[in-house]
Amino acid sequence: MGRARDIRLAYLLLAPALLLLLTALAYPVGWEVWTSLTDLSPVNDHPTSFVGLDNYRRLSGDPAFWRAAANTVAYAALTSAVKLALGLGLALLLARPFRGRALVFLAIFLPWAYPASVSVIGWYWTLSPPIPTAYSVFMGNMKYAVDGALGGGAWAFVSVTLFNIWRGSSFIGIFLLAGINAVPPELFECAALESKSAWRRFWLVTVPLLKPFLALAVFLALTTAFADLANVWMLTAGRIVYPVLGTHAYWLAIHGGQFGPASALSLTLAPFLLAVLFVLFRMFDPPDQERA
Amino acid sequence: MAQVMMKDLNKKYDEVHAVKDVNLHIRDKEFVVLVGPSGCGKSTTLRMVAGLEEITAGEISIGDRIVNDLPPKDRDIAMVFQNYALYPHMTVYDNMAFGLKMRKFPKTEIAKRVGEAAEILGIQELLKRKPRQLSGGQRQRVAVGRAIVRHPQVFLFDEPLSNLDAKLRVQMRVELKRLHDRLETTAIYVTHDQVEAMTLGDRVVVMKDGWIQQVGEPLELYGHPANRFVAGFIGSPSMNFVEMTVADANGALWADTPGLRVKVPPASAARLGPYKGQRVTLGIRPEDLRVATGADAADYSFDTVVEVVEPLGSEILLDLKAGPNVIVARVDPTVRAKHQDKMRLSLHPERVHFFDNKTELAI
Amino acid sequence: MSPRPWWRKLGHGSLLLVATVYCVFPIYFMLVQSLKTAQEDVFGNPLIVLNPTFENFEELFQQSGESHGYVGRALRRSYPVLDWLENTIIVFAGSVAVTLVVSLLAGYALGRLRPPGFRWWRRLIFASYVVPHTILFVPLYQVIVSLNLENNLLALLVVYPTLAVPFCVWIFSAYFQNLPRAVEESALVEGASRLTAFFRILLPMSKPVVVAAGIFALGTIASDFTLASILLLDAHNKTIPAGLATMEVALDELLAVAGINLMAIPVVLICAVFARGYVRGLTAAMVEGA
Ligand SMILES: Nc1ncnc2c1ncn2[C@@H]1O[C@H](COP(=O)(O)OP(=O)(O)OP(=O)(O)O)[C@@H](O)[C@H]1O
Ligand SMILES: [Mg+2]
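Here the protein sequences line up with chains F, D and G, keeping their order. Using our numbering, the first residue of the first sequence is number 1, and each one after it goes up by one. Using our numbering, the first residue of the second sequence is number 1, and each one after it goes up by one. Using our numbering, the first residue of the third sequence is number 1, and each one after it goes up by one.
Simulated from the structure, these hints should not be mistaken for laboratory data. Quick caveat, the model's predicted, so the values are computed rather than measured. Where a beta carbon is used, it is the ideal one built from N, C-alpha and C, also for glycine. Take the hints with a grain of salt, since some may be wrong.
[Unchecked claim] If we take Cβ atoms under 8 Å as the criterion, some of the chain G residues that face chain F in the derived model are:
{"#": "1", "residue": "L113"}
{"#": "2", "residue": "P115"}
{"#": "3", "residue": "P139"}
[Said to hold, decoys possible] Below, simulated DSSO-like cross-link-like pairs (lysine-lysine); rule was C-alpha separation at most 30 Å, straight line:
{"#": "4", "chain 1": "G", "residue 1": "K207", "chain 2": "F", "residue 2": "K211"}
{"#": "5", "chain 1": "G", "residue 1": "K207", "chain 2": "D", "residue 2": "K104"}
{"#": "6", "chain 1": "D", "residue 1": "K29", "chain 2": "D", "residue 2": "K208"}
{"#": "7", "chain 1": "D", "residue 1": "K263", "chain 2": "D", "residue 2": "K358"}
{"#": "8", "chain 1": "G", "residue 1": "K207", "chain 2": "D", "residue 2": "K130"}
{"#": "9", "chain 1": "D", "residue 1": "K342", "chain 2": "D", "residue 2": "K321"}
{"#": "10", "chain 1": "G", "residue 1": "K207", "chain 2": "D", "residue 2": "K128"}
{"#": "11", "chain 1": "G", "residue 1": "K207", "chain 2": "D", "residue 2": "K101"}
{"#": "12", "chain 1": "D", "residue 1": "K29", "chain 2": "D", "residue 2": "K101"}
{"#": "13", "chain 1": "D", "residue 1": "K107", "chain 2": "D", "residue 2": "K128"}
{"#": "14", "chain 1": "D", "residue 1": "K104", "chain 2": "D", "residue 2": "K128"}
{"#": "15", "chain 1": "D", "residue 1": "K20", "chain 2": "D", "residue 2": "K7"}
{"#": "16", "chain 1": "D", "residue 1": "K276", "chain 2": "D", "residue 2": "K321"}
{"#": "17", "chain 1": "D", "residue 1": "K107", "chain 2": "G", "residue 2": "K207"}
{"#": "18", "chain 1": "F", "residue 1": "K211", "chain 2": "G", "residue 2": "K9"}
{"#": "19", "chain 1": "D", "residue 1": "K12", "chain 2": "D", "residue 2": "K208"}
{"#": "20", "chain 1": "D", "residue 1": "K107", "chain 2": "D", "residue 2": "K130"}
{"#": "21", "chain 1": "D", "residue 1": "K177", "chain 2": "D", "residue 2": "K167"}
{"#": "22", "chain 1": "D", "residue 1": "K104", "chain 2": "D", "residue 2": "K29"}
{"#": "23", "chain 1": "D", "residue 1": "K321", "chain 2": "D", "residue 2": "K338"}
{"#": "24", "chain 1": "D", "residue 1": "K112", "chain 2": "D", "residue 2": "K128"}
Using the sequences provided together with the hints, build the complete structure.
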């Protein structure tokens with residue numbers, strides 16, 4: 001088992017994954033980074049020129065950008081926190097055996113297993129019925145009330161947010177259940193002897209033991225926070241006007257034809273996500289294991 | 001069946017030099033045990049023989065073939081791992097048959113060989129089970145069975161008994177010995193348990209920090225340890241060591257330290273001559289001490305105070321103090337002693353060992 | 001543990017009920033609508049169906065390609081739903097397969113062979129999740145065009161795995177890193193080559209983890225709607241989600257809801273069958289020795 005041969009084999013086996021990610025991600029991201037430094041636009045009549053950081057500079061002076069950024073951060077943080085809390089609750093509900101546990105488990109698995117590509121369509125239509133149905137009057141009133149309170153487009157935004165939470169909490173619930181299953185029951189029993197307060201036990205035992213799972217769940221929640229929004233955005237050709245960075249970028253690119261600023265806009269979040277990820281890595285990286 | 005030769009064998013990991021200049025000739029049909037404290041490089045040595053670890057320098061041959069560049073599958077060896085390493089998704093039968101299938105044995109031959117091995121090990125009833133339905137002892141048998149069905153040239157064992165409880169370990173030890181007597185396959189056995197090493201090995205190799213300390217038959221290691229480490233490692237409870245000064249008095253050599261003064265036995269006197277006036281380490285096994293009677297020579301006796309009494313039934317272990325020196329003695333169960341009793345001990349003059357303080361080699 | 005008092009049991013029970021309703025209700029609601037006649041949809045109770053009918057599902061499949069009638073003055077178009085179904089099966093099965101193969105290889109390389117800096121390779125691959133997907137489809141489309149995969153199902157087989165591969169590589173490499181080496185080594189000593197040991201020993205004993213990665217891949221891929229609708233333009237070349245988006249919802253709402261269920265039910269069934277394995281696999285991957 002030559003080490004050198006092993007290493008060569010390792011790179012060989014890594015190649016397909018890297019190739020895939022390179023074609024489908026690296027080039028597009030590179031394009032986006034480059035474009036964000038130009039004034040590329042399909043409606044330009046002059047050749048595309050390099051503008052340096054102009055797009056970014058312009059963004060930072062734009063109040064609409066800051067509002068969208070604030071919305072985005074609030075949205076991502078809020079949905080992730082709610083998903084995590086609900087997911088943890090669901091997982092803890094299932095932690096101990098009881099009659100019918102298998103069924104409840106399947107029920108909790110369902111929102112995630114039910115393909116979001118179609119369920120989000122169904123959800124959206126249900127909440128904003130396109131034709132008169134038995135419940136459309138009720139939904140119409142809801143929409144009217146919410147839009148009236150929060151501004152146009154708020155109802156659609158809120159409804160997609162609810163969908164995202166509904167589905168995400170299911171994923172996180174099942175994921176954390178896998179974590180709880182890994183904790184030896186003696187530890188919980190031991191903790192029960194140590195402390196009478198369920199709350200303290202939760203913070204001192206459950207949470208630390210689940211740390212790698214929680215960290216991974218937080219990250220996945222953050223990165224998937226906008227997927228459903230994007231789906232609905234495509235579906236309705238941009239009828240959701242509530243501004244977050246993603247939809248704002250779509251708007252600039254597709255309706256305004258301003259690829260440069262749109263690219264700059266969509267890239268603004270990446271460094272922050274990366275920073276979060278590197279903090280979290282330390283919590284869920286598999287520990288180095290010495291062989292026996 | 002084959003001999004195994006290791007020539008100037010070395011293994012370096014990035015930072016650790018795990019095996020250093022190991023030279024070992026294991027004869028055909030021999031059962032050799034590698035023993036040593038944790039991290040001394042015994043597993044690494046074994047794994048190099050198996051081909052699971054690359055050889056940094058040196059040469060290994062099995063039979064007449066140099067196997068340095070041979071992958072494990074072509075070395076015709078079988079290995080039993082500490083955690084048994086059974087294939088969890090296969091039945092016991094399939095576990096044992098796997099190696100034969102890999103070598104394209106016909107079905108009937110496989111069935112025959114597995115049946116034989118199962119019978120030898122008494123696991124015929126378990127053949128249809130999966131590993132997780134077995135107890136630790138049963139898994140152990142399956143692992144051994146898997147090794148013997150192939151009639152390999154060499155068996156390699158890496159601490160195969162250390163996951164069993166004490167009683168089962170003793171039982172399996174006897175069975176392994178019987179098995180080797182019956183199959184006569186060359187075997188290399190790694191353990192950190194010196195009792196296992198002494199009982200199983202035709203010869204025992206003591207390792208420390210990657211170096212071989214001594215190779216020899218069990219009683220040779222026990223009776224004539226090459227250095228202080230081997231002396232302390234072999235035997236339980238381990239040998240007592242006391243640093244002493246060699247002094248000349250009344251025309252004889254004496255070993256002297258506060259609280260303890262004994263004559264150097266005539267057998268050792270010649271070799272200790274050059275150490276006159278220097279400090280050496282005296283070693284005496286607990287079983288080579290006894291409660292002094294009038295008949296014992298005063299030259300080999302000394303006074304102690306009892307600290308702890310550990311009755312074990314067939315014998316008593318006494319922790320004693322001779323001046324500042326702590327000494328353990330193994331005495332008859334009839335001896336009555338309690339904390340703070342005074343007691344005069346006598347040592348067996350032929351069984352006293354002396355070690356050079358610097359080189360730690362036996363003098 | 002002492003038996004729990006009745007009020008604790010009641011509390012636990014009601015929480016379970018709430019959780020179950022919370023999770024199931026929206027799906028129940030959609031299922032109910034898809035079983036309704038147009039009549040009942042407009043005038044009936046939204047929560048129940050009194051005259052369940054499969055007519056919406058039947059209608060989905062009666063698409064010989066031509067228009068099939070008028071509602072008022074609007075022509076109701078028909079949709080090649082069978083084509084969509086076939087496409088969906090091809091794309092999903094293919095993408096999951098590609099994801100699993102690619103991630104297994106990479107996971108084995110990173111968890112077992114551990115080339116220098118394997119930890120950073122793994123992190124790098126995982127970090128691809130931070131890529132902002134918002135307007136990525138513009139350059140992505142260029143890539144697809146340059147690969148000559150425009151309007152071709154194969155395009156999705158290239159793009160979809162990127163959604164699941166990073167997580168699956170993580171799962172596999174963590175799993176292989178935690179898995180004691182002895183079992184594989186034992187196979188090597190017994191006469192297996194690396195490859196044989198991988199296929200005969202390592203892979204079969206890792207079934208739960210493969211299931212976990214597969215279910216994750218399926219769930220992730222099945223949640224995409226954007227990429228499918230951008231990359232597949234031809235009406236016959238769409239997957240179900242992309243196709244549904246082209247329906248005239250105002251006219252065919254019930255039909256569309258039926259279409260949703262048509263796609264969802266098989267996916268849900270697959271997930272349900274493997275649900276236990278999914279949890280077991282995630283556990284095995286994340287926790288050494290589990
Ligand atoms: N893969 C490895 N990489 C780096 N160092 C290693 C590796 N394997 C072993 N070592 C080091 O080599 C030395 C010898 O290890 P080895 O496993 O041979 O010890 P051992 O005698 O079998 O001990 P034990 O009784 O604990 O099994 C140790 O210091 C160990 O830390
Ligand atoms: Mg070892």
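Taking only the CA atoms, is the gap from K207 (chain G) to K130 (chain D) under or equal to 30 Å?
-> Roughly 16 Å between the alpha carbons, so the hint for K207 (chain G) and K130 (chain D) holds.
Is K321 (chain D) within 30 Å of K338 (chain D), Cα to Cα?
-> Since the Cα atoms of K321 (chain D) and K338 (chain D) sit roughly 13 Å apart, the hinted pair holds (cutoff 30 Å).
Given the hint that K207 (chain G) pairs with K104 (chain D), test it: the Cα-Cα distance must not exceed 30 Å.
-> holds (26 Å)
Could you grab the alpha-carbon distance between K104 (chain D) and K128 (chain D) and see if it respects the 30 Å cut-off?
-> holds (22 Å)
Between K29 (chain D) and K101 (chain D), is the straight-line Cα distance small enough, at 30 Å or below?
-> holds (26 Å)
Mind checking the alpha carbons of K207 (chain G) and K211 (chain F) for me, to see if they're no more than 30 Å apart?
-> holds (25 Å)
Taking only the CA atoms, is the gap from K207 (chain G) to K101 (chain D) under or equal to 30 Å?
-> holds (22 Å)
Interface hint for P115 (chain G), Cβ within 8 Å of any Cβ on chain F = Where the cut-off is 8 Å and the nearest Cβ of chain F is about 4 Å from P115 (chain G), the hint holds.
Keeping to a limit of 30 Å between CA atoms, is the pair of K177 (chain D) and K167 (chain D) held or broken?
-> OK: K177 (chain D) and K167 (chain D) at ~16 Å, within 30 Å.
If you draw a straight line from the CA of K107 (chain D) to the CA of K207 (chain G), is it 30 Å or shorter?
-> holds (27 Å)
Given the hint that K263 (chain D) pairs with K358 (chain D), test it: the Cα-Cα distance must not exceed 30 Å.
-> Given pair K263 (chain D), K358 (chain D) holds - Cα atoms ~22 Å apart, limit 30 Å.
Is K29 (chain D) within 30 Å of K208 (chain D), Cα to Cα?
-> holds (26 Å)
Checked against the numbered hints above, the structure violates none of them.
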